[in-house]
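Listed in order, the protein sequences are those of chains A and B. So the first sequence is residues 1 to 237, counted in the working numbering. So the second sequence is residues 1001 to 1257, counted in the working numbering.
If you're looking for bench data, these hints aren't it; they were derived computationally from the structure. There's no promise every hint is true.
Listed next, the in silico DSS-like pairs over lysine-lysine satisfying Cα-Cα at most 27 Å (straight line) [stated by the list, open to error]:
#1 B:1005 to A:98
#2 B:1254 to A:81
#3 A:81 to B:1221
#4 B:1087 to A:104
#5 B:1005 to A:124
#6 B:1254 to A:13
#7 A:81 to B:1185
#8 B:1005 to A:81
#9 B:1087 to A:98
#10 A:124 to B:1008
#11 A:124 to B:1149
#12 A:61 to B:1149
#13 A:63 to B:1087
#14 B:1008 to A:61
#15 B:1087 to A:124
Which bits of chain A does chain B cover? Going by a derived footprint, with three or more residues having C-beta under 8 Å, they are [stated by the list, open to error]:
#16 70-77
#17 96-106
#18 211-222
Owing to the predicted nature of the structure, the values given are computational and were not obtained by experimental measurement. Cβ coordinates follow ideal geometry from the N, Cα and C atoms, glycine included.
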Amino acid sequence: MINIQHLSKSFGKLQVLRDVSLTCASGQCIALIGPNGCGKTTLIKCILGMVIPNSGQILFKDKNIARDYQYRHEIGYMPQKGRYPDNMSIGQVIEMIKDIRGSKTGLDESLIEAFGLNEILDKKMSTLSGGTTQKVSASLAFLFQPDVLILDEPTAGLDPLAAEILKDKIIRENQQGKLILITSHLLSELDELVTHVVLMQDGQIRFHLPTSSLKEKTRTTNLARAITHVLKHDDVQ
Amino acid sequence: MMFNKIQKFIVADILKNRIVLLYTLLLAVLSWSVFSLEDDSHKGVLTLLNIVLLTTPLVSIIFTTIYLYNSSEFIELLLSQPIRRSKIWNGLFWGLFLSLGLAFLIGAGIPIFLFVGGPIAAILIVMGCLITAVFVALGCLCTILTRDKARGIGIAILLWLFFSLLFDGIVLFLLIQLSDYPIEKAMIGFTALNPIDLARIFIILQLDVSAMLGYTGAIFKAFFGTGGGALIGFFLLSLWVLIPYMISLRQFVKKDL
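Chain B on its own, in the form it takes in the complex (with noise of 0.2 Å):
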């Protein structure tokens, strides 16, 4: 019951927010442009892919970050109400969600859904909305990890780029150094660990341009093509919302504010 009241007032003081209402309209402008400048709505997906992956992260973790650090004394408040403490860090979790989730469903979905349509729309809106929850959830991790707003910030853009540029790098050097050997099986186990990769992959495999992937695509196909994996990739994402999350909450309920 409570965990909803608290829910509410986030997500009421959030949408509010300027950076929030910026990026609704940051999404739109581009998915709306993308869609506009291509004819065809299958290459549109995949440049707003390529967009979203890098925005939505970037946004997601950051926000979460700043607005945790900056909501301490209301935190601080909310603890020395009759208010169990796991509920107040799921209300901010799930407020932080549901409101950076909803930016993206107006910004992006909305021109996702009227210009292409069908289930590859579906596929991208929730692949979408399962990315904000992961970075949301990290972000979450990033603020409880460090008391200094600085460093957590630090680590919050460290994190992202990490994921969104160097780990793409360190994948290509492996790729290179061992060419020689069959890794490409491994490959699918190390895409496990970035969530980014993980949505790319499952919804390039989606769009019938997997040729493009060439020897190791066909592997990811035979593997997060059928029904199997793409539950498998579902799944992974899932816990790529749940460690980070459960890490932090277990951390939030021992911590001294």
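The following block holds chain A by itself, in its conformation from the complex (with noise of 0.2 Å):
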């Protein structure tokens, strides 16, 4: 589905990506994982379009996504910190983003409903706490039903109860065979919700196994002492 080839980049002197390679097939429910600053969300800007790699390529669906913009259809995006015109309504965002994306039918409004949205689709933007905020971002991530689901810290901010509805989301979407990108420092959240996982360390991909392997190889049964482990211990590629 989306195939990363040798890229790199970098913000002045500053060597974000170095010649990352990595293969992601529809189906699969991937956890992004690495320190800060190690170059995740740079990597998923590039799969987005919104940074420019000095090099290297990334084909979606076997097409070369630089100067493209249609294989965005195609995505659904969650950032890390949605922020939205402050005087427009929940309501108005909803619409706004429909409008633009072009597609009236199909849409897939569950998330709207369970997370209560249709009770205050008037309220302004600006009036939202964080987590709503995040609430409306998820909406809009699975509203068109693509193909593709990229998911930056989503939990992050949510209460237990809506972090519970989203990954409970995420799981039924991932079993229809849909390929979910998640990044998060949550790793005990990630447990139940990932297939594989791709450890980065200074802007270079350090693995890419299936979760159940990286427990055997690091003989644990949980994600987050499997990662202390590959973190502690250098033994693991």
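Using the supplied hints, reconstruct the complex from the two chains, each of which is provided in its own coordinate frame.
The following block contains the structure:
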């Protein structure tokens, strides 16, 4: 589905991505983890076309994404901290994105309902709490039933109930064969969601493994322990 | 198609903005009071011209710069949608220009039309809109030049200061220093470097008060007063919109966000 080949990116002198190659297939739910500043967000932004790499290329369904924008019809993106025009209401923002995407049918409004956004459609974006804004971002990401979902710290800021709703949604979408990319530091939360783990360090990909084989290699039973094991010992490749 | 949609949403967003409402109100209060105080509408136009040429560039450039910095996350949201980058920037520029232009039309345009009327009113309104477009474009350029909001707003203020005050100082200095040489024709070329002066001269020449400008005024009149000169003036102002905007667009298309 997404094929990243020899991607490099530097901001000035700072090299953020060093020759990153990664293949993500549909049906995978991938946790993109790594210490702060390891290049996770930059990698995601490269896939979304927000950051333009210095070298290398990204193929989306075998098509190079450079200078293309149509492929983003098939991506739902939930930013870490979404911000919307202050004067618009929740309803207007949702209508606007629908309008921009040009699709009025085949929409998946289940999250809007589950989060109870239907009752507060008139509320102005500027009056919303961080968590409610996150709910709007999540609802928008899933609204158009895209084949690929990119979620940047999806559950940070959500209350436990909403986080649970979102996690269930992620699992259900993944079971339908969609590719899901999640970055998060809450390893314990990821455990029940992800099928694969990608660990990034210093702008490089250290490994891309199915969770089961990672646990096997580290002889641990949960993801958090496995990752701490990897970070302490350098034996897993 | 999509470019119109973004434009529509930005206009709707900005028109509800308090600063833009205040700006409309300010222009309205100023124009109504100028025209009520002056019996001679031509004198009123001159007074208003100076006020408009001071406030419109300032509000346009600062508002554009701040609005663009504040919408960086919104721009990110749009970028993650299937839209061409140039369409986003286009939508932002047109959205800002249309709403600030509308504020000018309502605030200053209506009283100008009522009190002055005729071709002079039309020229004044067109120039006001063009100046708005020029400084929205310059605001776009300020935002794209630096990531830092404070620095971007600083550049915007400096640009405004330069065009409304410093430039005239330089012109005056040159005039005095080079008064022994026939530099009047060169002055025409020099004015093209300042959009505010272009608009000012353009309007003054329509008012039959160009005698106030002395000998240089006569040369300006001979140049800009003719149909061809007016076209050139209009063309130069359009270039002042187009060039900063195109530079900012080229930068935006390849920018990392």
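Right, here's what the structure says about each hint:
no.	hint	in the structure
1	B:1005 to A:98	holds (11 Å)
2	B:1254 to A:81	holds (23 Å)
3	A:81 to B:1221	violated (57 Å)
4	B:1087 to A:104	holds (21 Å)
5	B:1005 to A:124	holds (20 Å)
6	B:1254 to A:13	holds (18 Å)
7	A:81 to B:1185	violated (57 Å)
8	B:1005 to A:81	holds (24 Å)
9	B:1087 to A:98	holds (17 Å)
10	A:124 to B:1008	holds (18 Å)
11	A:124 to B:1149	holds (25 Å)
12	A:61 to B:1149	violated (38 Å)
13	A:63 to B:1087	holds (22 Å)
14	B:1008 to A:61	violated (33 Å)
15	B:1087 to A:124	holds (26 Å)
16	70-77	holds (count 6)
17	96-106	holds (count 6)
18	211-222	violated (count 0)
Against the hints set out earlier in the document, violations occur for numbers 3, 7, 12, 14 and 18.
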